[in-house]
Every structure is written in C-alpha cells, then in structure tokens.
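Undergrad: Take the sequence shown: its letter number 449 is residue 611 in this note's numbering, and every next letter is one higher.
One thing to keep in mind: the hints can contain errors.
With a cut-off of at most 35 Å between alpha-carbon atoms, the simulated DSBU-like pairs for lysine-lysine come out as follows [unchecked claim]:
hint : residue 1 : residue 2
1    : K338      : K239
2    : K441      : K414
3    : K1064     : K927
4    : K388      : K338
5    : K927      : K249
6    : K500      : K328
7    : K500      : K675
8    : K352      : K770
9    : K334      : K388
10   : K265      : K239
11   : K770      : K837
12   : K352      : K334
13   : K328      : K246
14   : K249      : K500
15   : K837      : K927
Read the hints as simulated data drawn from the structure, not as lab findings.
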Amino acid sequence: MPLMMSEEGFENDESDYHTLPRARITRRKRGLEWFVCGGWKYFCTSCCDWLINICQRKKELKARTVWLGCPEKCEEKHPRNSIKNQKYNIFTFIPGVLYEQFKFFLNLYFLVVSCSQFVPALKIGYLYTYWAPLGFVLAVTITREAIDEFRRFQRDKEVNSQLYSKLTVRGKVQVKSSDIQVGDLIIVEKNQRIPSDMVFLRTSEKAGSCFIRTDQLDGETDWKLKVAVSCTQRLPALGDLFSIIAYVYAQKPQLDIHSFEGTFTRVGLLDLELNQLTKALFLALVVLSVVMVTLQGFAGPWYRNLFRFLLLFSYIIPISLRVNLDMGKAAYGWMIMKDENIPGTVVRTSTIPEELGRLVYLLTDKTGTLTQNEMIFKRLHLGTVSYGTDTMDEIQNHLLNSYSQVHTQASGNNSSSTPPRKSQSLAPKVRKSVSSRIHEAVKAIALCHNVTPVYEARAGITGETEFGEADQDFSDENRTYQASSPDEVALVQWTESVGLTLVSRDLTSMQLKTPGGQVLTYCILQMFPFTSESKRMGIIVKDESTAEITFYMKGADVAMSTIVQYNDWLEEECGNMAREGLRTLVVAKRALTEEQYQDFESRYSQAKLSIHDRTLKVAAVVESLEREMELLCLTGVEDQLQADVRPTLEMLRNAGIKIWMLTGDKLETATCIAKSSHLVSRTQDIHIFRPEVTSRGEAHLELNAFRRKHDCALVISGDSLEVCLKYYEHELVELACQCPAVVCCRCSPTQKAHIVTLLRQHTGKRTCAIGDGGNDVSMIQAADCGIGIEGKEGKQASLAADFSITQFRHIGRLLMVHGRNSYKRSAALGQFVMHRGLIISTMQAVFSSVFYFASVPLYQGFLMVGYATIYTMFPVFSLVLDQDVKPEMAILYPELYKELTKGRSLSFKTFFIWVLISIYQGGILMYGALVLFDSEFVHVVAISFTALILTELLMVALTIRTWHWLMVMAEFLSLGCYVASLAFLNEYFGIGRVSFGAFLDVAFITTVTFLWKVSAITVVSCLPLYILKYLKRKLSPPSYSKLTS
C-alpha cells in the first residue's frame, strides 16, 4: 500500500524566520514621507513575498493516517505518483532556454549588438545581417533542447505508464503507475519494480516472507528478507482485506539516504576557457574602436562613431562559435554511440564530451566496477589443512564417507550392508579426524545463513491459486537461491557442489539433502541477523533426528577472533587469504543442552520485552552465548575481476591518469584487489595508514611517517580519512596527490563525494568518477565527468552519469580515442572560428584607416552572412572529422593522452598565435586588393572577398591532418557556392553607401587580371604559413607525427 512521499518532505521549512517580530522603530514615518523615504521598497518586497508564499506555499510536515483501500478518506491532498525528469514545462521552456543562452557573455553581447540596429543613428546595415545569425543560433539551440526535453518526456511517460494490478471491491483492475493513489491496495508481481513507497501487507508465501532487492536505491543486488504484517497475512484470501477496517499510521517524511538527488547540467572546462577568450576579444574590440575614434580626433559626435566602430568590428567575436561547438559536441556524441568497439555506450550529457580528453584523476568504485560482483568459493581452511578449487573433490569424498557412516549407524545392526568396524579402524586417525572436521565445517556452512531456495513455477500452468506450491517444480535443476548477501549464496552453492544441499526453508525450519539422498530436517529456534556493527550472524538449530541443539555463528575475523577458542593460525591465514583477494568468513559453533537453551530463551524473550535499553539488553543476552566457541573453519570467497581490467588500468596509468579506488570493503580485501587488478604494481611499495587513528596527534604522526616515503601507493580507511581531513586537510590531499595510486576503504557514499570535491578544489585538475550502483551517484555527480556502468546493481548510476558504458574496459577507448579526439577537434574548431572573425575584422580596420577612419562597412550584409555560413561553414565544421593518429595507434600509445592534460591545444599562447595569423592575413588581403585594383573601386570588394574565401579554404586544408571524403566535398561545395554567387549575386559586391548602386561587372571576374591578382594575394597570405608549418614539423615534430611516420 503506497504512502505519500512528496518532494516537499525534503525541503527546509523557513517560514518561521518570516514570522519573527520586527525590531521596533523609535520614530514611525507616516504617509507620503514614509513612502518616499524607502517605504516603497518595503511595500514591493512585501507584495513579492506574499506572491511567492501564495505560489510556493509549503505544507507543514506531519504524520499521516492512511486507510486501507480507501484513498478518498485521506485528510490531505497528496501529489501524484509520477516521475518527472523534465527541466521545463510549456510555460518555462522558452524563457528557460533563452536564459541559459544569454547568461554566456558571447550570446549576450550579440543580443545587445542586434538590438542596437533598431536605433537609426547606429544602424550600419540591414537588420538581417545581425538578426539572421542570432536567430539561427537560437533556433538550433531551441531545437536541440526541445529534442532533449521530448526524449525526457518519453522516458518519463514510459515509466509512468507501467501497469500494475490494483485490488478493489470488484476485483483486480489495471492502473498506470502515475495513477496510483495513497491508500490503494497494489499487487506487485514477481520480478516487478515497486512503484512507490509501500507497506508490505500480504504475500502468496504461507509464512509471509518475501525477498526484495534495493539495487536502485543503494546499489546492493542482494535479496533482503521482508515479512508481511501478521494480521493481514493471516486473512484467508486477498478479498478479505476489504472486510476489515484498518489504517496505517505513518510518521512524517524524514530525510534519509534514500532521498532523491537531482542531476544538473554541466559546463565543460573548454566552454569556460573559450568564454575567457571571448572576453579577451571583447577587450580587443573596445581598444580597437577607441583607437579609431582617437585617430579621428574625436571629431563630431564621437560617442556615436565609437558605437558604430564597435558594431563594425563586432565580427571579432564570432556568433557562430557557440553553434559550431554545440553541433560539434553533438557529432562527437553520435560518434561515441555508433562506435562498434564499445557497444551499448550512451552519451547522456552532450555538453562535455571534450572533458574526456583532459582527465587527470579517475575515481572508481570496486564492487561491480572493477569486479563482476559474482562470488565464487575458493578456499576452505581447517587450521591444519587447506582446500582449494583443485582439491574440492577430496572434500566431496570425505563428506560422502562421513554421511554414509552416519546413515549406517542409524540403520541398525545390519552388518552386511557395511564393512566391519575393524576395517574402519585401520584407517589413520588423522584421516578420520579430518573427515569429521570437514563434516562439521560443511554442515555449519550449510546451516548458518539467511538463504532461501526458490523454485520456479511449472511452464504451462495458467490457473491462479492463493499459494502456488502445487505448481512448482522442486527438482535440483529448477532451484535458485535468494539471500541478503552474495557471499552467502556462494557458500550455499558450494555446499551443494560438494554434496550437502539446502532444499527448502521457511521461518521455522530448513531441510538439507545429504550426498546419499537422505533429507535432514532442522528446526530454526533463533536467528541473529548480520549487522554492520556486529559484523557477524548466528543461528540456533535443533536436529529433529537427534534432538541436538547447536549454536552456529560466522562473521568477520575482527569480530570472531575474540569469540572462538584460542588458536594460533586464524590471524595468519586470514591475512594470507586477504592478500590473495579473498573475502574471509570465520565459522564456529557451540553445542547447547536443552536446559542451557531454555535458560537463554527466557532471558532473550525478557530482554526483547524491555521498554528501556532494549537493544543493549538483547545484545548482552546474545553475547552470553558467544563465549569459547569451537572454531570450525575459515572460508575464502573471491569476487572476480571484470574482463580486461588489468590492461585497461595499465593503459590509463601510462596515459598519466592517477587512479583512486573508493570502496566500502575492508582494508585487506581492498588492498588485495588493488594488487590483483594491477592498480598497484607488484613491485610498488604500499603505505597502509593506521586504521585506528582517532586523534589529532595520531594523525600528525601518521602523516609524518607517510611523508618520508616516496613513490608508494596509499591505503587509508574511511575513519582515519575523516580524522585527517578534520585537522590536516591540505597536507593529506597534497601528499595523496603525489601517490601513483590511492585506495580508500570503508568509504561511505558521502565520503566518496567529499573526496572528489577535495580533489577538484585543491588541484584544479579534471576528475572523473565511475561506478555502477546507487551508492556511487553522489560521487559521479560531484566529479567533472561522471561515467556509469550498467551492471547488476541497476541503472541508477548510469542514468545519473554523463556517459554510460556496459563494461569497465570500454573506458580505455572512450578516453584514449573519443576523449582525445573531441578535445583536440573542439580546440581547433573554436580557434579557427575565432580566426575567421578576426581576419575579416582586420580587413575592416585596414579599410577604415585608409579612408580617413570612416565608420563605413566594407562588405554588405549578404556577404557578411554568407561568409560565416554557406561560404566557409562546411569546411570549418568538417574539422570535427579530423584526427592526428588512428584509433589503434592512440590505444597502443596512451602516452599521447598525457599531453592533453596540460591544455596546450587551447591556451592563450595558441590563441595569440592565431591572432597574429589573422592580423597578417587580413592586412595582406586588404592592402593587396587596394594596391592592385584599377579603375573600378568595386573591384576591391571582388578581389579582397574572393581572396578571403580562398584563404579560408586553404587554411582549413592547412589545419587538417587526416583527410576525409566529406572534407573534400565540403571544400568544393563551398567554393562552388561562392563562384555561383559571383555570377548571379553581383549586386551585393558594392561597398556600402560609398558606392551605392555600383555593381560588379561579371565579365571582370572571368579575366586573367582578376585571376592573377586574386591568386597573388592568396599565395602571399598563405604560403609563408605553409613554409613555417613545414619547418616546425621538420625541426620540432609533434609526438603523433613520429608515430605516423
């Protein structure tokens, strides 16, 4: 039955602050005096506060009474049970998108420039000259946002439209998930997601138990046992729920770890760097305009001339920069998702693909990310003898012999069915002792757990029954296990493989099948579940055949070492197994007499009925049993590594990426996984931070000891980390950043996110977080770039991440190939678009300076629009297809990636070089056209603009490192469009108001004079750059050219 869970339940109620009495004023102003002297501000503020309170009135959170099957009895109105991940609604879409665009300096600047053209004194061209490019940019942005918003709407609709069975007085009806109301009785089928917060009233299992999985909340894929409300479970049929009058009293909504966390739109570092360069260009624009007005001698209305120069040189800041980069990012995302070498990869945030090319720190989860989250039993240690995967058949033989002897003794004195006892006594005592110890150890493992065998329903059964046992197949092939821990499932599966099988279990009993087929029944007297505080679990069972009562317990070595009897091997063997990467559990037992158990049960029941300190009293009673227990065995379970984890981590390390592993596992297991995965090399030293650091002095001593070591990996626990960050945050982060690898164990989700934030703040480097569970979401969202793996822990991490992959090994190609290419392409594209605006602004400056600093445009509006679109757009945008090395080479030599982290592809140095190139080429093009023109001044426009277009096309060819057939097509298409415009749009080649009505003579552009003048200017503007590039490549070749050669 669903309960209300509103977003309002997770908001702080600040209304109390507004109800406090204001300080009394000594002299109260009245009437007009009060209104003029600031009263209008108070009046407006009060009105705004009143409107806000009306629109966003927060409900007082209180406990709720929910009537079973009667939503209409709810005293208050609850929100709909619908999922909404959309950023906008129909009213906020346009304002929201416009705000997101104009908060960037680049777009805001062009909005102001375009609006200035409505002022007659400032108008220097046609309105479409400015509004058409701005409108195109906004149209592309709005279209992209609309598509993304529609996709979010479709995903929400798909989730909200999932059908569930609702129980009514008339029977079952199908309802959508979004139509479920508080108080409805919902029937959740097997393997169906729970649609809302619900109270567990009834199940088809007789005992009222049910296994649920919380992978979407906390990333745990294990099954958790829940028990239905006893009074409703005892009802004969489902329909009887309406025959009782009952309600659920629920406390008010509380903040907890299962509260929803939203995603936000990220902005990449490249966008921020380009925004800084745009501001530098604006400063240059202002300086150039002031210089032009100064050279005019501030004659006439100089302030109007200043603004006109600002408009004339506005192409210094290219409006097409944003739309080119956004379209490029969309192309990069499409390439990533279409890469057949990394199938299933999804780009969820299209704004930061180039961030993948500049990562310095990779923070990764362990379970399910580096490992497969599949547990396999690897080792059984009895103290004097150890069994591995290659000797499990010996355990099977021992177990078979042991149970056959027990069965023989129980069958009576039929001596013909068994060998004589004398022949048995001939066997060595050691062998007999080992057999009995193996028998006890395997039986303890098969009994001490919280695992339930589950059998699938038979195929073809369509009739519905209240309890479906008659329709189930109890064969071994149809059996699966469900438990609250994958380790427990691995242990029970192992006991089945050696011959002792768990065949059934309910709340009061369980049955084991021996290797000989005999079924043993055990009554479950008490159950003590595992908790993170106790680090152990226990069970008291009674053998129905012998009436023996036994207390079994298993748990972590740190918890069990003080409980079991003295031994000299447990601590050493636990360390050995942990170094092999095995998760260890210590198993022990204690035999109880009937009197001992009855005494315990009475004290235990009395403790559970206590009103005060119930938990402490119950724990004290249980601890009275946990004394001098017999140590049976030590088990080792392995969590297998993901495919190709070792070579992938080696590749990332060679690429200069420092890898930090953040896990909730214990120190020994985390250290071992770090070694087995080659996160830490075998020859590398490891400094293990003392786990028991609790004070400032201890933290100081540990940090000093760590400072004396060089080039060693760091392993630190979450508790010690918390203490060190409290007193020595800067010192710890500085030392840790110098390590080749860092392992943080026993980390909570909050600590993971805190570590990511600290790295970003202290280093200023780009961080990436990768995980697969809901407990990794906070870490993923705190990083500059988040990567989620769609694994066994659900899809919550992948949905919250910027990029989603299916296997950890795919991160290598994602970074080395796509990340590297995206960054280098975006850097080249951004700087080339700036060059395109700088060169035409330089030509405008030369033209104005030659003609007495007149604020007259060189080219008419259509040529300016065409220059940034059909004449040069396709060749420039084709740079998104460029690559310096082949993907195979980038993966083979990950050292190429290391160069990108320094940000040299886009820096003030490279930007300044492009500025010099633009000034040189713009000056050559304009002065060359002015020197070479003959009688018609209109020829200046034709010659200079043609040379400009050819120069841009040649500069694209100069920048490209690997040609693609689309690049060649883009070059010829742009050239063809320009030649056609020369022939058919010759009226646009006049020079503004100076030569108004002057048209280009078509015959002139076909003459040899025109061709040689254009060719000469183009050669002078481009040839020196080709020569310089050739010399630089020969004298100081880039690293990638050494590989390609």
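Undergrad: If a hint holds in the structure, say so; if it doesn't, say that too.
TA: Hints, one by one, checked against the model:
Annotation: proposed proximity of K338 to K239 holds, straight-line Cα distance about 19 Å (limit 35 Å). Taking the CA atoms of K441 and K414, the gap is about 51 Å. The hint is violated against a cut of 35 Å. Distance check on the hinted pair: K1064 and K927 sit about 10 Å apart at the alpha-carbon level, within 35 Å; holds. The straight-line distance between the Cα atoms of K388 and K338 is roughly 25 Å, inside the 35 Å bound, and the hint therefore holds.
A threshold of 35 Å between alpha carbons decides the hint, and for K927 with K249 the separation of about 29 Å falls inside it, so the pair holds. Under the criterion of a C-alpha separation no larger than 35 Å, the hint pairing K500 with K328 is inconsistent with the structure, at around 42 Å. Between the alpha carbons of K500 and K675 the distance comes to roughly 52 Å, so the proposed pair goes past 35 Å and is violated. About 34 Å separates the Cα atoms of K352 and K770, which keeps this hinted pair within 35 Å; it holds.
About 24 Å separates the Cα atoms of K334 and K388, which keeps this hinted pair within 35 Å; it holds. Restraint check for K265 and K239: the C-alpha separation of about 38 Å exceeds 35 Å, so the hint is violated. Of the pairs offered as hints, the one joining K770 and K837 is violated, with about 46 Å between alpha carbons and a cut-off of 35 Å exceeded. For the hint pairing K352 with K334, the CA-to-CA distance comes to about 17 Å; that is within 35 Å, so the pair holds.
Annotation: proposed proximity of K328 to K246 holds, straight-line Cα distance about 23 Å (limit 35 Å). Between K249 and K500 the alpha-carbon distance is near 27 Å, which keeps this suggested pair within the 35 Å criterion. Proposed proximity of K837 and K927 is supported: the alpha carbons are some 26 Å apart, at most 35 Å.
This entry does not satisfy hints 2, 6, 7, 10 and 11, going by the numbered hints stated previously.
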